[in-house]
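Number of protein chains: 2
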Amino acid sequence: MNIPQSSFPRVVIIGGGFAGLAAAKGLEKSELQVVLIDKHNYHTFQPLLYQVATGGLEPDSIAFPLRKLFNDLDNFYFRLAEVVKINPDEKVIKTTIGDVDYDELIIATGSTTNFFGNSQIQKHVMEMKSIPQSLNIRSLILENFEEALLTSSIQERNALMNFVIVGGGPTGVELAGALAEMKKGILPKDYPDLDIRQMQINIIQSSDCLLKGMSAEASEKAEDFLISLGVNIWKNLRVLEYDGKIVKTNGTDHFRAETVIWAAGVQGELIEGLDTNCIVERGSRIKVNEYNQVLNYENIYAIGDVAFLASDKNPNGLPMMAQPALQQGKMVAKNILAKLSNKPQKPFVYKDKGSMATIGRNKAVVDLPHWKFQGVFAWFVWMFVHLLSLVGFRNKIIVFFNWLYNYIRFDRENRLIIRPFKRVLKK
Amino acid sequence: MNIPQSSFPRVVIIGGGFAGLAAAKGLEKSELQVVLIDKHNYHTFQPLLYQVATGGLEPDSIAFPLRKLFNDLDNFYFRLAEVVKINPDEKVIKTTIGDVDYDELIIATGSTTNFFGNSQIQKHVMEMKSIPQSLNIRSLILENFEEALLTSSIQERNALMNFVIVGGGPTGVELAGALAEMKKGILPKDYPDLDIRQMQINIIQSSDCLLKGMSAEASEKAEDFLISLGVNIWKNLRVLEYDGKIVKTNGTDHFRAETVIWAAGVQGELIEGLDTNCIVERGSRIKVNEYNQVLNYENIYAIGDVAFLASDKNPNGLPMMAQPALQQGKMVAKNILAKLSNKPQKPFVYKDKGSMATIGRNKAVVDLPHWKFQGVFAWFVWMFVHLLSLVGFRNKIIVFFNWLYNYIRFDRENRLIIRPFKRVLKK
Chain A
1 MNIPQSSFPR VVIIGGGFAG LAAAKGLEKS ELQVVLIDKH NYHTFQPLLY
51 QVATGGLEPD SIAFPLRKLF NDLDNFYFRL AEVVKINPDE KVIKTTIGDV
101 DYDELIIATG STTNFFGNSQ IQKHVMEMKS IPQSLNIRSL ILENFEEALL
151 TSSIQERNAL MNFVIVGGGP TGVELAGALA EMKKGILPKD YPDLDIRQMQ
201 INIIQSSDCL LKGMSAEASE KAEDFLISLG VNIWKNLRVL EYDGKIVKTN
251 GTDHFRAETV IWAAGVQGEL IEGLDTNCIV ERGSRIKVNE YNQVLNYENI
301 YAIGDVAFLA SDKNPNGLPM MAQPALQQGK MVAKNILAKL SNKPQKPFVY
351 KDKGSMATIG RNKAVVDLPH WKFQGVFAWF VWMFVHLLSL VGFRNKIIVF
401 FNWLYNYIRF DRENRLIIRP FKRVLKK
Chain B
1 MNIPQSSFPR VVIIGGGFAG LAAAKGLEKS ELQVVLIDKH NYHTFQPLLY
51 QVATGGLEPD SIAFPLRKLF NDLDNFYFRL AEVVKINPDE KVIKTTIGDV
101 DYDELIIATG STTNFFGNSQ IQKHVMEMKS IPQSLNIRSL ILENFEEALL
151 TSSIQERNAL MNFVIVGGGP TGVELAGALA EMKKGILPKD YPDLDIRQMQ
201 INIIQSSDCL LKGMSAEASE KAEDFLISLG VNIWKNLRVL EYDGKIVKTN
251 GTDHFRAETV IWAAGVQGEL IEGLDTNCIV ERGSRIKVNE YNQVLNYENI
301 YAIGDVAFLA SDKNPNGLPM MAQPALQQGK MVAKNILAKL SNKPQKPFVY
351 KDKGSMATIG RNKAVVDLPH WKFQGVFAWF VWMFVHLLSL VGFRNKIIVF
401 FNWLYNYIRF DRENRLIIRP FKRVLKK
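Chains as they are written, first to last, in our numbering: chain A, 1 to 427; chain B, 1 to 427.
Hints listed in this document are in silico derivations from the structure and should not be mistaken for laboratory results.
Accuracy of the hints is not assured; some may be wrong.
Identical copies carry no separate label here, and so any pair may be met within one copy or between two of them.
Derived lysine to aspartate or glutamate pairs resembling EDC-like cross-links, with alpha carbons at most 16 angstroms apart [stated by the list, open to error]:
no. : residue 1 : residue 2
1   : K189      : D72
2   : K422      : E82
3   : K189      : D74
4   : K39       : E147
5   : K330      : D89
6   : K287      : D193
7   : K29       : D253
8   : K184      : E290
9   : K339      : D101
10  : K313      : D352
This structure is a prediction, so every number in the text was calculated from the model and none was measured.
The shape of chain A in the complex, shown without the other chains (with noise of 0.2 angstroms):
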């Protein structure tokens, strides 16, 4: 991998997301050596990947690049690959471009789509965890407007424009209203010769509520707000299969959709290597003490959605959302620092600052530790928040920009089929 040996320790960290970064960032000061190895060069901002799928905002203003992050500091180098395994025995990991030891390992590798094991289900179906599958799906949708001008059978058309969300969680909550306001503001203007009262979007949700994590506030509110903005939602219905053309649950409802989207779970990235008894299965975490060390290996630690710490008041876990993810990494850093100066660490304790949702135009619902409020302000804190927490002072001027736009012209002008899915034109 062509890393000069350091004097100091070196730590390895995989993954560039919230925690990885944090984690990068505490120990910026440090005279350690820091690899950080991600398969992006760019930092995602996972929670406004619904806006460009949605074609609210180009892909560039919630990405920053990795490398630009650590242009200053002298002993950090950054390395584009994918890590294949990890040799706990040698302190090596082993990846796409080559082998690499560490003296402490962070495995912030974050969580990908969780299907459950169905593989069915999992080639037909959307995912919306990367800015490569965002940019998918917002020209699926597209595409499928084109193609829905091209049929004369009814039935094909409804089903161009039946758009079907799995889970009703933050992401299919909020993707479910942005499609909304695209069927309300832009698509009976862009298709004027479509009926685009026939579209149809779906929430489909397991449990019989929205918003599982929030409080029962915010979730019946959410299920007003998309109720109003013409969202369909479809409580205790599990889907069971999709061949592409028809979803089929475990209820007598059955839905007949080109575009399904899965935000109905997600798990673990997990890396191989590690020996099995760390691994929870469901969600495939990496249990960790509260150091943050995976269980039996002092040097290797797992941060944010791939790290599974288990307490009394998270028995399953802490969530997998940004908030855990940033406090993990910063807290991480200080004990590894603590550690290499045979100080002692501390134990992590998670603050929970709360949660929030977007529906759409001035509707949000926001659960504080000890205030609960929903609507226009909620929607204003929702913005705010997001802005500040995204990374890059140019990312937060041209997401406002075009927020702001949006807002005043009702528009959404990132509808653009650049990296065409289905390739209608070439049928």
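We have chain A; now place chain B onto it with these hints.
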């Protein structure tokens, strides 16, 4: 193609570039039915493609959704398709999504890269005529640097950092300048473990000057600017072969380079079906008369890059640039309206408003009909003119902000490999 028959004549426009859009705009207020066909669902602002390729701009900011341009028009239809053939006898065109008949046809297909018949070169070089192609170049540049980090062969590393641009027209000059600025301001910071001084940027020009269409002052000054930025200029040299590794020329100089960008020429994007007498072989353009009518076809017009309109002043046809395209598009709309109301058509006269090219920060050359100037002021004029010509208010603001940011920060933050070209990490 599912376009309703209207009681008004149907004008079909092939291509949503400068020419096609100008023609469509000119027909906006008429009662004619207008059908615009393009293989992309967006208009591309080609003059700024090189900035997308070099990470200065996001692709979405130089693209504009074609449907949006005609949202408020009743009898306007857009179709995402590729045209396969024209059948002038039956007044029908065949496309990838079905046939459509026309009363008046406007061919505004623009131009494509001209490899002068060399298929080996075509296979190995990069083109820069569309947004996907520009994103491919962006990825390739960055992937090459990632790869250069990994090799221990000096020869290989130098080849990965050696850029050959074939063609010293505006595209080649602007791209070389942008690469030189990346070399100066960004790459040494992003790749501190590479010796970026070894990066070479070469322009190979077959004639004895750059910017052949412009004044001698502009050409000389552009050369000075490029030399001051460290670009190697090779004049009176022709590229004969490129096998993906070595550029062979008709001189004694050969180049070992992993990236060769072909900006040596364009040719009309022809469609099958027209009488071969209408085609000028050199440059593959369609001969038109002073009304932009294709020879022998009264109701087929060709405008923009694909049209060959020879005059005393321009015996080799008009320059293949935005200005003639815009002017022809405007005029052709007027002439079709005149013809359909039995009024005489007006001959097209090209008004040369001048031309310009930018080399880098504070460095541009401008030729106006009665005034030629270079340097800082020229650079501001170049930016102003390009901002004004960009389609869409949102695009103007986003591009302006990016330029401002890049200027103040000496930066180009869109150095993202979102669309991997080589997939270094999968090696």
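>> For each hint given before, does the structure comply? Return the numbers of the non-compliant ones in rising order.
In response: Hints 5, 6, 7, 8 and 9 not satisfied by this model.
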